[in-house]
Every structure is written in structure tokens, then in C-alpha cells.
Amino acid sequence: MSELRWTPPPPPDRLRSALRAALSRRGRPLRVLAEGIEGLSGSVDWVTADPAGRVVAVLLTLEEDRALELVARGLAERDALAARLAEWRQLAPELGLRTDAGVDVLLLAPEFSPAARAAAAALGDAVELARVRFAAVGAAPAQALLESLAEQPGEPAVATPRPRLSIFRSGLRDADLSPESRSA
Amino acid sequence: MARGLGDVLHYFDPALGPAAEPSSPTQAESRPEPGPVQLLAVPMEAADLLRGAIVWNLALELGRAGAAVEAVIPPDAGVPEEDATLGVRVSGAHAADWVRATGQARTRLADRTTLDAPGLLLAGLAAEATPAGAEHADRALLCCATEPVALERAEAQGRRWLEAGHDRLGVVIHGAGSVREARRAFERLAGPLERVAGQPIASFGLLVDDLALYRSLVERRPVGLTRPQSPAGRALADVARLLLAPEDST
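Chains as they are written, first to last, in the numbering used here: chain C, 1 to 184; chain H, 1001 to 1250.
Misleading hints may appear alongside valid ones.
[Stated by the list, open to error] Label pairs and their in silico Cβ distance ranges: (1) C:G36 - H:A1110: 52 to 62 angstroms; (2) C:R89 - H:L1211: 49 to 59 angstroms; (3) C:E87 - H:R1215: 38 to 48 angstroms; (4) H:H1094 - C:S113: 32 to 42 angstroms; (5) C:A21 - H:H1094: 58 to 68 angstroms.
[To be verified] Beyond 12 angstroms from chain H on every Cβ pair, some chain C residues (computed): (6) T7; (7) E35; (8) S41; (9) L62; (10) D79; (11) A80; (12) S113; (13) P114; (14) A121; (15) L165; (16) G171; (17) L172; (18) R173; (19) A175; (20) D176.
Hint data in this document are derived by calculation from the structure and do not stem from the laboratory. Note that beta-carbon positions come from the ideal geometry of N, C-alpha and C, so glycine has one too.
Make a model of the complete structure from these sequences and hints.
Given below as C-alpha cells:
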């Protein structure tokens, strides 16, 4: 019987299809709406939507030492994409996109440094990190595996699975909850 | 006699003052068709000062946003009856009197609404009046802190509503330290309730700084008027915005 083995990232064309498949297999499956769209700081690898219609921007790096930069890019793209949501909903109402819930960001990298994790954690809900690895069985093509880092070490595990239909909504960010913030 | 801000606002903007009596049949006939009034029941415990403060501040914040609003609150929640800062009338009602009081408030509100500007009635509700609330309210709005004990209590409240045959639930998380904390609290509460209800639990955002809300009630100075740019004020404005959003965006 062939064994599962870790593999290096596959070639670019196969890499993208493997990651698209992995996104669709997540606990919160993501449907790819667009790939490689132009963003503020380069290309946004995927614009996706979860089953409830919430938009999730996905950015990828295969270079560990660029994970911190990826966090910054993710934050910038999140705001830029959120500003376009209403237009997308108008252009493609059949997609059922939610315009009131902003944009989530999912960042994929082989590993995230403590600094990258701390930066993402400081952003509150803005950014989710997931390690990406590749594995194959025998001669089969490599599959992408995503390991979410949403639960930080030391935090109690969530006993209840995430609801599938109910979506938390808020127009606030953590900066709005700070007494020092003067922004409206 | 001393006058409140609500008594003089109409000098600056007639739309903010009390509805004027129609002076002629023509004026009465030209009134737009009344809009719906949505009754949001907020489950409360005995002497629930914090939820009293939340409902009172939210009602005034909704009034500040221009909505036609009334609040009906149990007398033991420490909320002053008034008529009306920002055009928001606040009245007290014991559990036994809840249906009559909310019915009267709904009638009053209907006169102030249009199809473009529906009314909102926030009504605190004691646990023993849940069956009445389930029969008459359009939605139960659970106000829940982030601690596990509070989440368990709110889940029990939600289950009582579902058992009473009312499946439209909404949640406001309060006392959160961050958006992430509020989201997790919501998801822990909504997950089990959603499975029982068979439909989504609506989220109406988060409130912060319970102490500021409570203090505002004690001082009779609503946060939205005295400190709108504080974290508590910004959060109140966001929850009000979500409550006023069209139904299809929930």
C-alpha cells in the first residue's frame, strides 16, 4: 500500500488547482469567484465566498520569510475589496454576496513567524492564517492541505462547531473599540 | 417647568419634534400610508439594570438616527419613564401588563411611521412573560455577554423562545474586549440555537464598555448624546445601524 508523503509545492498550474480544491474542502468551504485579480499591492490570488455569501480574499506566499509582509498586504487588500462589494453585488446579484459583513482575509503560507502571528492577532478578526503543505499518495498528484491557525496556543478549544448559517455582523474594528481612537 | 432636549428640538427641525395634529382634512388625507412596526423583545432578568441601560441607550440611539422608536421596559430595570428625549417615548410595564403596554406603544408608533421609515419598538421582557412575547414579538433580541456563564444563560433564554414556537432570534453581544471575542461569543451561542431553530440567528453586532452604559443610565445621560465618539458610543451607533438595516441584509 502506498504511503502518504510530504511533497514540495507542485508546478504553478497544478499548484493553483490543488489550492482551489483545498479551499473548497475546508470546514467553511470557499467558492472561488475570481483568481489573480489586480490588487493594491500585487495580485489577490483568489476572491472567494463562503456558503453564507461572505467574501473572503485569499493571499498566498510560498516563501516563509514573506509571511509578515503577507499580513500587511492582506489588511490593505481587505479594505480595498470591501469598497467594491456593493458594485459586485449589483453586477452579479446571483452570487448572493453579503455587502454588510465586509471582507475576511485568509492568508496561506508554509509557516508563519511569531511576528506574523502577532501582527495578525493584533488585527483581531481581520485576518485568518493557515499553513499550507502538500502531500501525495504514491504517484498521485500532490494535494494541498490547509491547517488553520485561528485558535491561538493557550486558548480554550471551541466546544461548539461554528454555525453554518448564522453570520456575525459588525461594522466595527478593534481600533473603534480603543478609547484612543478618534476616528468616527 | 424644566424642558429636555426633546422638548425643543422641533424648533430647529420640525421632523424631530412630536407629530403635529393635522390642521385640516386635506392634511390628514395627505399622510403617507403607515409603515410596519417591528417589536423586538429583549429577554431580561429581575432588576436587570444592565439590559435596561442597553435598551434605553439603544432606543435613544435609534431615535438619534431618525427612526420612529419607543421602548417598554420593566420598572425594576431602573430606566426613567420619559416622553421624550429625541422623540423616543420610554414607558414601564410589568410582565402582566406587557401585552397591553406594547400594543399601545405599537399603535402610537404606527401613527409616526411610513413605508419608507418603519417603526421599532424595543421591549424588555421578563422570563415569565416569554409565551406572551413569543406570540406578539417579531423577534427576540438576546443581549449576551461573552463569558461562558452568560452564553449558557442566553442559550437557555433562546431555547425557551424556540420551545414557545418563536423561531426568529437575534443576538447583540455586549461587554466584548475585541471584535474577535464578540464573534466567537456569537458563534458559540448561535451554533446550538441555529440547529434547533433550523434557520440563521441574526447578528446585530456588539456593544462595549458595560460600565459606561450603566453609568449613563444612572446619570440619565445617554451615551449617544454625551459621548458619541467613545467606544461605547460608536458601538451603539453600529448596532442601531444594523437594527435599521433592511431585512434582507440580515
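Hint check:
At about 53 angstroms, the CB distance of G36 (chain C) to A1110 (chain H) agrees with the hint of 52 to 62 angstroms. At about 39 angstroms, the CB distance of R89 (chain C) to L1211 (chain H) disagrees with the hint of 49 to 59 angstroms. Checking the proposed 38 to 48 angstroms range against E87 (chain C) and R1215 (chain H) shows it holds: the Cβ atoms sit about 42 angstroms from each other. Roughly 59 angstroms separates the CB atoms of H1094 (chain H) and S113 (chain C), a value that falls outside the hinted 32 to 42 angstroms.
Between A21 (chain C) and H1094 (chain H) the beta carbons are some 60 angstroms apart, a value that agrees with the proposed interval 58 to 68 angstroms. In this structure T7 (chain C) is separated from chain H by more than 12 angstroms, as the shortest Cβ-Cβ distance comes to about 34 angstroms. Against chain H, the non-interface label of E35 (chain C) holds: every CB pair exceeds 12 angstroms, the least being about 28 angstroms. A cut-off of 12 angstroms between C-beta atoms confirms that S41 (chain C) is not in contact with chain H; the least separation is 24 angstroms.
Every CB of chain H is more than 12 angstroms from the CB of L62 (chain C) (nearest about 27 angstroms), matching its label as outside the interface. Every CB of chain H lies more than 12 angstroms from the CB of D79 (chain C), the least distance being 15 angstroms, so the non-interface label holds. Here A80 (chain C) stays apart from chain H, with its beta-carbon at least about 19 angstroms from theirs, past the 12 angstroms limit. With a least beta-carbon separation of about 20 angstroms from chain H, S113 (chain C) lies farther than 12 angstroms from that chain, consistent with its non-interface assignment.
The claim that P114 (chain C) lies off the interface holds: its Cβ sits roughly 18 angstroms from the closest Cβ of chain H, which is beyond the 12 angstroms cut-off. At roughly 8 angstroms, the least C-beta separation between A121 (chain C) and chain H is not larger than 12 angstroms, which violates its mark as non-interface. Annotated as non-interface, L165 (chain C) brings its C-beta within 12 angstroms of a C-beta of chain H; the closest such distance is 4 angstroms. At roughly 5 angstroms from the closest C-beta of chain H, the C-beta of G171 (chain C) falls inside 12 angstroms, breaking its exclusion from the interface.
With 12 angstroms as the threshold on Cβ separation, the claim that L172 (chain C) sits away from chain H is violated: the shortest Cβ distance comes to roughly 5 angstroms. At roughly 6 angstroms from the closest C-beta of chain H, the C-beta of R173 (chain C) falls inside 12 angstroms, breaking its exclusion from the interface. With a least CB separation of 10 angstroms from chain H, A175 (chain C) falls inside the 12 angstroms interface cut-off, contrary to its annotation. A beta-carbon of chain H comes within 12 angstroms of the beta-carbon of D176 (chain C); the shortest separation is about 5 angstroms.
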